[in-house]
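Q: Residue numbers (the working numbering), protein chains in the order written: chain A, 1 to 355; chain B, 1 to 355; chain C, 1 to 355; chain D, 1 to 355.
Among the hints, erroneous ones may be present.
Note that identical chains are pooled: a pair holds if it fits in a single copy or bridges any two copies.
What the hints assert, rightly or not - Taking lysine to aspartate or glutamate pairs in the DMTMM-like style, the calculated list, with each CA pair at most 20 Å apart, reads:
1. K315 with D129
2. K221 with D194
3. K315 with D133
4. K315 with E85
Simulated from the structure, these hints should not be mistaken for laboratory data. Keep in mind the model is a prediction, meaning the values are calculated, not measured.
There are 4 protein chains.
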Amino acid sequence: MDMLYFASDYMEGAHPSILQKLQEQNFCHFPGYGTDPVTQSAASRIRNACHCPEAEIHFLEGGTQTNAVVIRALLRPYQGVLAAETGHVSTHEAGAIEFGGHKVLPLPQSQGKINASDLEAFMDAFHADDNHDHMVMPGMVYLSQPTEYGTLYSLPELSAIRRVCDRNRLFLYIDGARLAYALSSPQNDVTLPDLARLCDVFYIGGTKCGALLGEAVVVPKAGTIPHFFTIIKQMGALCAKGFVIAAQFDALFSNDLYLHIGDSAVRLAGRIQTGLSDLGIRLLFPTPTNQVFACLPDSLTARLREHCVLAFMEKADDTHTVMRFCTSWATEEAEVDRLLSMLEALLRDERLRAH
Amino acid sequence: MDMLYFASDYMEGAHPSILQKLQEQNFCHFPGYGTDPVTQSAASRIRNACHCPEAEIHFLEGGTQTNAVVIRALLRPYQGVLAAETGHVSTHEAGAIEFGGHKVLPLPQSQGKINASDLEAFMDAFHADDNHDHMVMPGMVYLSQPTEYGTLYSLPELSAIRRVCDRNRLFLYIDGARLAYALSSPQNDVTLPDLARLCDVFYIGGTKCGALLGEAVVVPKAGTIPHFFTIIKQMGALCAKGFVIAAQFDALFSNDLYLHIGDSAVRLAGRIQTGLSDLGIRLLFPTPTNQVFACLPDSLTARLREHCVLAFMEKADDTHTVMRFCTSWATEEAEVDRLLSMLEALLRDERLRAH
Amino acid sequence: MDMLYFASDYMEGAHPSILQKLQEQNFCHFPGYGTDPVTQSAASRIRNACHCPEAEIHFLEGGTQTNAVVIRALLRPYQGVLAAETGHVSTHEAGAIEFGGHKVLPLPQSQGKINASDLEAFMDAFHADDNHDHMVMPGMVYLSQPTEYGTLYSLPELSAIRRVCDRNRLFLYIDGARLAYALSSPQNDVTLPDLARLCDVFYIGGTKCGALLGEAVVVPKAGTIPHFFTIIKQMGALCAKGFVIAAQFDALFSNDLYLHIGDSAVRLAGRIQTGLSDLGIRLLFPTPTNQVFACLPDSLTARLREHCVLAFMEKADDTHTVMRFCTSWATEEAEVDRLLSMLEALLRDERLRAH
Amino acid sequence: MDMLYFASDYMEGAHPSILQKLQEQNFCHFPGYGTDPVTQSAASRIRNACHCPEAEIHFLEGGTQTNAVVIRALLRPYQGVLAAETGHVSTHEAGAIEFGGHKVLPLPQSQGKINASDLEAFMDAFHADDNHDHMVMPGMVYLSQPTEYGTLYSLPELSAIRRVCDRNRLFLYIDGARLAYALSSPQNDVTLPDLARLCDVFYIGGTKCGALLGEAVVVPKAGTIPHFFTIIKQMGALCAKGFVIAAQFDALFSNDLYLHIGDSAVRLAGRIQTGLSDLGIRLLFPTPTNQVFACLPDSLTARLREHCVLAFMEKADDTHTVMRFCTSWATEEAEVDRLLSMLEALLRDERLRAH
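I would like the entire structure built from these sequences, with the hints used as guidance.
A: Have a look at this one:
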């Protein structure tokens, strides 16, 4: 029987319209480093989708790279970046931000999200501290939409965070590695134009949202980062064939593809959550996007992994582990059917053995 | 009339067999970060081509990134990298090596090449200097094959450099961004197995040699760089969909494609050189690979650029500039015909005007 | 009335025997950068005091600098340093460790101290995490003796931490900025030879312990850090006139001065603690060295500060702040008398007002 | 017979008035980190001496540290610092600037000096280069007064460099490690007020000019470097007992001491030069300050070093080496007498042997 794959949303190639676009332009000649018409076209489509005609758009290769480049470009040497203690930059980027010289200042989180009042409390304490000139000065807020736990910031929540940023001269930067899955969620009320209005910089994820690879950095106020091109080059993130990444976003932003590419993934993640609950498996908490977190007994996990690739999230207790089931734009209904049947069979078998 | 494109070898997409491979595997599911069977297959093909069954292979995204990652991974904090003063790391990487904390120690060059005796003289002077503990300690030699000036190191030249490295405990690292064009040159006598034997690390260029993007790092002695995976991640160079880059090298190393993908480019660059000479245009020097450097009068360059995209190399004098004509695996004979006709016409016109 | 000074232990010059030593050697000629006989003598005295004839000794200028230099020298790029979330490197060094490229990995603390079981739990969780190759790898443990909260690690506590380090291949580094006050504490059972036996590197504080400035780094196993001299230079921490710092340690390690220079400070800090308690002022917790932490009402603090310089530690609640009273080798009994009288008078006055 | 010491100007302690000042203030209590009245007084005296009442003054510990801190504080990440290829930052700081992430861009030099026209040519070539966005952008000029070769910039030379800086938006920073010896030179026409007028930042050397250690950074336009205090702290360069360094500058800037502390050193270096010439020893070139460079036969150097500590500069040829004789504020006439006699005797002896 074929393996099932629910470990992540970067297990397949690209949306067919992207491959077609790459095929069509394959023998065109373009100048390098994003000075080509494909890049112009893709940038223009993204500006339109964001209702932000002034925005600068830059195409980079991957998420950790993008975070490292943007954060370093925005901060001054004496500044750090505030992030949820579970934020990607805090945990799973192997110290990429610190390699660039900046401390990640951890904020408390709930379901992967920070909130405006904790942020404000942090800033108040910083300013009240007599020794703050000896401390890393917070220079920006990093958050991800959806978060690493599949949850979403609501528009009021983001707006409140923005207000604290304004009062404290903090940049607001949003990591949209999985942004398509937020935009496809029925629970989402934050649009691309909202992001362009609220953020100093954000990025629209490609790698996890149907591209072969690539992320689109949006700087709503052009000129926010002087010499950003050279900083990108210096950090090894400038793609010689910029048109290869741009073409993918050109396809993703044609016919509103990006706004709907996550629809089925979100719906199928919902089906998995219902299915797990029906089977008596505890969810860490329900999530509105494409990532599902379940507390599985380690014995079940071991057997499940013989047939299904899924991802470790964190230990729950001595005998349980939080595992992630992740759907993607490429996940098929039949795969979810098979997953749920398999789980049901394994659980039935476990119960029999227990007798 | 259509524009001509001779600015670089990264103006087109990918070799058709690469696009086909990406198409074929598009809906396969693969685990992330290079832990997939495509990566294994590509690595295995490269090991075979290098006659180096022990080698570690890593797939990165671009050349500047690869240089920054490898150099930082090999050096200790107190060490620097020796490179030709015209080396890519010395000039056109926007300080990527220094961003990682290491000095690029410039060596004199001729036609883009360093030589063993200058290297040895540098090391002797370093050791003879009473103050060398206050200086950056050379830790490795960086060179590129072919060089930024399209020239080639011969096997005796490389072997001599290796011997100086051995005597001075220097790593030898070769940047093969355009390696296919070296391997396709009739003047070349350095094979992939030679590189694997002589280098501590080298990389096989994809971006400029027929891939959409990507470079393959070869570490002949596995384990030379402990925790290289984490260093790659930390520097933002770990591709989530590693199989996207690996698939391209899998195609490039099937049926000896990589060994011959540069053949026509090298032949056509030869035709351009002959053509330019016939037209009385001075070459900077003849080159055996796919880059041609010509000293053009600025008036001619200005008119040529209306019809042909080519690249600035350096000012020659007040009225002349060294311009680069670059062919690629995708360059067609007819384009070279048109280029030479165009140059002839422009020169005729210039002469008429001069009367 | 003269101000009182209890803000820190670095408010005065140097122990008279240090000034005398500097005076005596003032017109001697010494070679630079620690290659002089004074440095040899001081190093030799420290080796003797540590019962560690093999140790390498290096003299640096200040504490933050020393932490940054040692931590960077010991770690590989992919590694971070484990430290109490209240550790000096975590909080009050303005991101010096991150500037050097390394993440400070925070551990929970109690009264400023970490413990072996939390450390072990952290390491177990790291190894159990499937994603640990994407995370910063812990490479060393940093702790301070006494801690930033004036508390002490006992010999069994340190030994237990050392065992966890051994099992996990972690370096152990101890920041001894105030080490003299530990060595003078009746509650202390950790000697210099114990530190030399348990640590990979530690430093003996001078700046806060009677020197004009300077810290002595002890590397018990010579050669632990290759090319440490050049790393020190590279980080701007190499003192041209090394003999100026060395001379101070030569004096401090003559006649056991360092072992007793903190005696009166520790005794007077004890008197302050008793006095505060007698006046009904709550201590954060009792401390066995030269730092006293008291929760003062903000109104009292404001009035006290008109006559006494003391240090902010942290907000306790909306109307109270934890303030630090710090004694030093130079603090006089009479100053403590005046402080306690002043507090008594202020409290009496507050109570009268309250009626 | 006692050794002679001409290796450097940092072989003795401090000017007696400095030791006296440290003695006098030894038991005063001062707040830390430069917030004390001694620091205010010293800063005020320096502002007066510079005719620059607005200047910010910061006291750091050493020269390499100061260069690293100032250069990093002034530059943006994509910028580098232009310096003579013989500049201290280019050669003898073990890569401290690169550790901070910035490239040192080498300029040609003559007798240790750069000039305005080479600088302008460099900037013109940079702007004319089509690829300059891929290159390190020059952000400042570093030079030293006097230079590492003991030579001096004249006021017209410095003014011309300043004009090129203005035209190219470059900061101008001057390393005054040995500034006292410039100010004491009869050939000098650049005053402290000139430096304050021409530089964005410069530093007044203490370590080599009569202090135990310490350098005074002058920022003529206050506010040029936001959050400089925190940057200094982050780079481990903030002295807890700031008053220890400040007191030394307070003494050096009392009664014009700094303006004359180098007088005898410069005069004695002149005597050495005359003496060497009289003995037929070739000078590298004559110098107007306290450093003398002579080409000595290696046999002579070997014998001289048995009795005299002097410094290696560079190899001249296979049998000769350029050695440095350095005087200081503490050098005595009799030492120069002995040096010249010794040289005469050794040369006579060599000549006898040659027969």
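Q: Now look at each hint and say whether the structure bears it out.
A: Checked hints:
no., hint, verdict
1, K315 with D129, "between (36 Å within a copy, 8 Å between copies)"
2, K221 with D194, "within (14 Å within a copy, 41 Å between copies)"
3, K315 with D133, "between (38 Å within a copy, 17 Å between copies)"
4, K315 with E85, "within (16 Å within a copy, 22 Å between copies)"
The structure fails none of the hints (numbered hints given earlier).
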